[in-house]
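Asks: Sequence:
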Amino acid sequence: LGTPSHLAMQHRLFLSLNLPVSLTFSLSFLVLLNLADAPVAELHDLFCKKLQQCCVLFDFLDCVADLKGKEIKRAALNELVESVATSRGVLIEPLYPEAIKMISVNIFRTLPPSENPEFDPEEDEPTLEASWPHLQLVYEFFLRFLESPDFQPSMAKRYVDQKFVLQLLELFDSEDPREREYLKTILHRVYGKLLGLRAYIRKQINNIFLRFIYETEHFNGVAELLEILGSIINGFALPLKAEHKQFLVRVLIPLHTAKSLSIFHAQLAYCVVQFMEKDATVTEYIIRGLLKYWPKTCTQKEVMFLGEIEEILDVIEPSQFIRVQEPLFKQIAACISSPHFQVAERALYFWNNEYILSLIEENCQVILPLVFATLYRVSKEHWNQTIVSLIYNVLKTFMEMNSKLFDDLTASYKVEKQNMYRLGHLLNTDHIMIPLFHYCFKLKILLENKGLVQQHKYPSKSVPSLWRSTVLKTNSGDKCSNSCCSITHKLHGGI
Numbered sequence: 001l002g003t004p005s006h007l008a009m010q011h012r013l014f015l016s017l018n019l020p021v022s023l024t025f026s027l028s029f030l031v032l033l034n035l036a037d038a039p040v041a042e043l044h045d046l047f048c049k050k051l052q053q054c055c056v057l058f059d060f061l062d063c064v065a066d067l068k069g070k071e072i073k074r075a076a077l078n079e080l081v082e083s084v085a086t087s088r089g090v091l092i093e094p095l096y097p098e099a100i101k102m103i104s105v106n107i108f109r110t111l112p113p114s115e116n117p118e119f120d121p122e123e124d125e126p127t128l129e130a131s132w133p134h135l136q137l138v139y140e141f142f143l144r145f146l147e148s149p150d151f152q153p154s155m156a157k158r159y160v161d162q163k164f165v166l167q168l169l170e171l172f173d174s175e176d177p178r179e180r181e182y183l184k185t186i187l188h189r190v191y192g193k194l195l196g197l198r199a200y201i202r203k204q205i206n207n208i209f210l211r212f213i214y215e216t217e218h219f220n221g222v223a224e225l226l227e228i229l230g231s232i233i234n235g236f237a238l239p240l241k242a243e244h245k246q247f248l249v250r251v252l253i254p255l256h257t258a259k260s261l262s263i264f265h266a267q268l269a270y271c272v273v274q275f276m277e278k279d280a281t282v283t284e285y286i287i288r289g290l291l292k293y294w295p296k297t298c299t300q301k302e303v304m305f306l307g308e309i310e311e312i313l314d315v316i317e318p319s320q321f322i323r324v325q326e327p328l329f330k331q332i333a334a335c336i337s338s339p340h341f342q343v344a345e346r347a348l349y350f351w352n353n354e355y356i357l358s359l360i361e362e363n364c365q366v367i368l369p370l371v372f373a374t375l376y377r378v379s380k381e382h383w384n385q386t387i388v389s390l391i392y393n394v395l396k397t398f399m400e401m402n403s404k405l406f407d408d409l410t411a412s413y414k415v416e417k418q419n420m421y422r423l424g425h426l427l428n429t430d431h432i433m434i435p436l437f438h439y440c441f442k443l444k445i446l447l448e449n450k451g452l453v454q455q456h457k458y459p460s461k462s463v464p465s466l467w468r469s470t471v472l473k474t475n476s477g478d479k480c481s482n483s484c485c486s487i488t489h490k491l492h493g494g495i
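Here the sequence shown stands for residues 1 to 495, numbered as in the working numbering.
A few of these clues could be false.
[Said to hold, decoys possible] Result set (EDC-like, lysine to aspartate or glutamate): computed pairs, CA atoms no more than 16 Å apart in a straight line: (1) Lys245 to Glu215; (2) Lys396 to Asp407; (3) Lys259 to Glu361; (4) Lys278 to Glu317; (5) Lys259 to Glu317; (6) Lys70 to Asp59; (7) Lys203 to Glu243; (8) Lys101 to Asp161; (9) Lys301 to Glu122; (10) Lys417 to Glu361; (11) Lys157 to Glu147; (12) Lys259 to Asp161.
Simulated from the structure, these hints should not be mistaken for laboratory data.
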């Protein structure tokens, strides 16, 4: 490349020509000095030319093409990164449009379709960006540019506008996790420094999530965007705006329905908890929303939901806990009775949490009746010995909390179980007395009206056949316990 003095002479000649990038493609890689060697008077001009030089794009799919040009661009990008990070006074107003232009030319592109149409982020390796050797340095320059002490938001906002931000957000769909990591940090800096773009950024993230939930069910950068939102939510002013509460109810809670929840659940749960810590009044919306979308067939998601519920209960206020304890512990009881041991185990672990245990103890009169029948039944029936042991520990804890209530529920449960057994025996006996027919028919209608049995069209059949066509909805006596005692009493009374 020649001696420094020779390069300096070529450099001055190049600057004086002021050629466009398209005409300096080959020449520019030969004549530019290192920024560290440039005279102070020419530093800004040289910096600008380096930016223009880096607007030249190379084909990285061809590994052997333009090797010299690729290396020179890489060196130029390294110089720009070093200069903007360490030198003061470099970022003057004329450089802003050139810097944003160089960044835009390099990073904004149409993302290629996935090489694997059935790509599973949990199982498959992502397709990495071929041009990453240059792209990484461009992102690094952009980050240093935003973090520079010389950065002036008033100048930058002319070039980093809504169109720029929208293109930046679209890049979050990149399969390359390295690119998404840079984008996450950069968008966070843009949000922090360019205040006029904040509402627009939130709105566009909202739109991305809505498309993901209700249309595409695919977007690679959900976890990264949620991580940014976690910081944004933490900075919300109080009282929360209606816009923010709507985002929680209409976007964050429905995100729990996504098939790919496991990829971003940690970040989503963090955002939900941040909302709770900001404003406790949203607690009921959150828990009732989670109960609404509770998974019915996917045990992995059910375990995740239980984990999130525990995170929520860790920070819940006692006054809010009282508002949700009944529907919540009905669901927890259903989880305890799950045949999948991981679901049952995760639900029973709630009793290992000291704060949750204190909430349960304060509200034992309400919670114990909700879960007792399930605990008692599962302790006798569950196939997994670990679950049985955990249930015994929970029952022991309840007994220590309120022994009288525990004894009353135990006695009541045994009576109800015995009555259910007698009722079942009577209704499946082929020798019921004829006078019972009219009572049984009325009883069946009563149970149907109460929703305790499924309705059937019944032809003129015998009483035993009629009752065998009836299917009880409940698996235990707790739903129809009050009626069972009176039913069996009347049946045995020979009405």
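Asks: Compare the structure with each hint and give your call.
Replies: Verification of the hints:
1. Lys245 to Glu215: 23 Å, violated
2. Lys396 to Asp407: 12 Å, holds
3. Lys259 to Glu361: Not satisfied, since the Cα-Cα distance of roughly 36 Å exceeds 16 Å.
4. Lys278 to Glu317: 12 Å, holds
5. Lys259 to Glu317: 31 Å, violated
6. Lys70 to Asp59: The hint holds at about 9 Å.
7. Lys203 to Glu243: 10 Å, holds
8. Lys101 to Asp161: Satisfied, since the Cα-Cα distance of roughly 13 Å is no more than 16 Å.
9. Lys301 to Glu122: Holds, because 14 Å separates the two Cα atoms, which is no more than 16 Å.
10. Lys417 to Glu361: Answer violated: Lys417 to Glu361 is near 27 Å, above 16 Å.
11. Lys157 to Glu147: Since the Cα atoms of Lys157 and Glu147 sit roughly 15 Å apart, the hinted pair holds (cutoff 16 Å).
12. Lys259 to Asp161: 34 Å, violated
The structure does not agree with the numbered hints 1, 3, 5, 10 and 12 stated previously, though it agrees with the rest.
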